[in-house]
Amino acid sequence: MTDVLGARFAALVDHADDSDWLDVRRRARGRARRFALPAAAAAASIVAAAALGAGGNWLFSSHDRQVTAVTHVSLHGQSWRVALTTRAGSWLSRLCVDISRPDGSTIDGGCGPSFSRLLGPSFGARHFNVAGGQIWTGATAPYARRVAITDTQGRVYSTRAIAAPRGTKTPFRYWALALDRPARSIAVYGANGRVLTRKL
Amino acid sequence: MEPLEQLYRDRYVGFRNALAPVAGNREAARDAVQEAFAVALRERTTLRRRESLAPWVWQIAYRLALRERARAHADELPVDLSILDPEGDPALAAAIRTLAPRRRVIVFLRYFADFSYAEIAEALELSEGTVAATLAQARAALYHDLAEVAG
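Sequences listed follow chains P and G, in order.
Counting from 1, one number per residue, gives the positions in the first sequence under the working numbering.
Counting from 1001, one number per residue, gives the positions in the second sequence under the working numbering.
Calculated from the structure, these hints are not laboratory results.
Values in this document were obtained by computation on a predicted structure and should not be read as measured data.
Check before you lean on any hint, since a few could be wrong.
Simulated restraints on C-beta separations [claimed, not checked]: (1) P:79 / G:1094: 44 to 50 Å; (2) P:65 / G:1114: 29 to 35 Å; (3) P:184 / G:1091: 24 to 30 Å; (4) P:65 / G:1094: 52 to 58 Å; (5) G:1067 / P:111: 44 to 50 Å.
Think of the CB as a built atom: it goes at the ideal place given N, C-alpha and C, for glycine as much as any other residue.
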């Protein structure tokens, strides 16, 4: 009896393996680095070199007032690298996006306004059609805590919007998602419960 | 390969699937599992008994998922149960949705994460007897619903 139920569960389960042990190790190191930041702050100010920190599964670096945030998203079990570059401290800066395919080749997403007229600064979203789906990413308003995208079949993908370390002085919160299907709508959830949605 | 990495490679998919209904969707579950293993990697020296590894990581992931849902005011988020592929077995998917939350978590830990009774008991801080009884009740409820559908 149990075996019958077990077999039916096995047929129901999502077998897609998007595991990434390197990401686990990166996160473990990132948290340790964040704890170590106060001790390193004095040295950093003397050297005046690039600021570096990690939040969530994002890695941040800054140089010449440019802030670059890098993460990886998983699509059909393969890891895509997403890099966003903005100018520190400016809402009107240009947002540059680079996407790297699993084989290492890159898609130059180009640079554009940090927010589009369609979506506004709450979203700051850009998307790219790639083999097997879409990759969405953005640099959103500071109040954003989570971004959720619903695809054309009603499946919801959501992720945290990550703030950069203070040293980078960027107002944005960063996020990225990989979708199996085209997006239908996007929503930003604020810390105070505020929700903004847009149909796409 | 150290035990934690072995556990990750063996059970990542099960952890993610079992956590998805708690986290709200597949991506949030993945994030919680990744973060939980990262925490475990940093804190593994505090763990005394190797046999407790899986329940310990599950507890971390479970708390992270609950905390993240609360922080994100996730009640506003539509819960995505597409992890239970309705096209794969619509009757079973529907029956699972009728289970009480605790029963559902125990069922998912058993069938998706491949936890033993002892591991479930340790992960949820229950007695093995309670786990066995709850699983028996959940199975009975599932079979009852499935029998009704079968007519």
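Consistency of the hints with the structure:
1. P:79 / G:1094: 44 to 50 Å: violated (34 Å)
2. P:65 / G:1114: 29 to 35 Å: With Cβ atoms ~50 Å apart, the hint is violated.
3. P:184 / G:1091: 24 to 30 Å: This hint holds: roughly 28 Å between Cβ atoms.
4. P:65 / G:1094: 52 to 58 Å: holds (55 Å)
5. G:1067 / P:111: 44 to 50 Å: Given about 36 Å between the Cβ atoms, the range is violated.
Of the numbered hints listed earlier, those contradicted by the structure are 1, 2, 5.
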